[in-house]
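**Q** Sequence:
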Amino acid sequence: MNGSGLRSGQLADAAGVNLQTLRYYERRGLLTAPPRSPGGHRLYPADTVTLLRVIKTAQRLGFTLDEVADLLDAGRHRHRGRSDTGLQVRAREKLVEVEQRLADLTVIRDTLRAAISAGCDDLVACADSSCCPLPFAELAERNDRADTR
Numbered sequence: 001m002n003g004s005g006l007r008s009g010q011l012a013d014a015a016g017v018n019l020q021t022l023r024y025y026e027r028r029g030l031l032t033a034p035p036r037s038p039g040g041h042r043l044y045p046a047d048t049v050t051l052l053r054v055i056k057t058a059q060r061l062g063f064t065l066d067e068v069a070d071l072l073d074a075g076r077h078r079h080r081g082r083s084d085t086g087l088q089v090r091a092r093e094k095l096v097e098v099e100q101r102l103a104d105l106t107v108i109r110d111t112l113r114a115a116i117s118a119g120c121d122d123l124v125a126c127a128d129s130s131c132c133p134l135p136f137a138e139l140a141e142r143n144d145r146a147d148t149r
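First residue of the sequence shown? That's 1 in UniProt numbering, and the numbers climb one at a time after it.
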């Protein structure tokens, strides 16, 4: 690499991550261990900044690091004729997960609003009240069904 490249601190600053993140991503196989300078400093290729930004963006979109690793691997293999594991498939799967979480969060939001409107102030007292909007009875029924299995 003829002495050029980014040292760890430079790369971390440019990509907006910390040094521990670089080491962790190397251990996880998301980043290839870079060559070292004659002085022993890691020297990362400049395109590693883009790779780090891609990883962080994918995480913000809800992908786990394992899923990011799979996406990166699929991108490398896409050039070898495999298209069944690429971003389109994974993004559709992630979208289904996100939409389910949104539906769950909507139920939680609506239940909390109802609890606030009902004046619920004590979880134990509220659990015994028939007008409590919190799903205590529903949870008890689920637990009872699980216990009888």
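Take these hints with a grain of salt, some might be off.
What the hints assert, rightly or not - The list that follows gives simulated cross-link-like pairs (lysine to any residue, SDA-like), each with its CA atoms no further than 25 Å apart:
#, residue 1, residue 2
1, Lys94, Ala74
2, Lys94, Ala127
3, Lys56, Val96
4, Lys56, Lys94
5, Lys94, Arg76
Unchecked claim - If you anchor each label on the Cβ, the simulated ranges turn out as follows:
#, residue 1, residue 2, range
6, Ser37, Leu123, 17 to 23 Å
7, Val54, Glu99, 35 to 41 Å
8, Arg7, Asp70, 27 to 33 Å
9, Val107, Ser8, 20 to 26 Å
10, Gly16, Ala103, 40 to 46 Å
11, Gly9, Leu102, 25 to 31 Å
12, Thr106, Glu26, 26 to 32 Å
13, Arg109, Gly16, 37 to 43 Å
14, Thr57, Arg109, 23 to 29 Å
15, Thr32, Val124, 39 to 45 Å
16, Asp70, Ser117, 23 to 29 Å
17, Gly29, Glu93, 45 to 51 Å
18, Arg23, Asp128, 51 to 57 Å
19, Asp128, Gly9, 30 to 36 Å
Just so you know, these hints were derived from the structure itself, not from any lab. All C-beta atoms, glycine included, are put in the ideal place defined by N, C-alpha and C.
**Q** Hints broken by the structure, by number, lowest first?
**A** Violated hints (numbers, rising): 2, 6, 7, 9, 10, 11, 12, 13, 15, 16, 17 and 19; every other hint is consistent with the structure.
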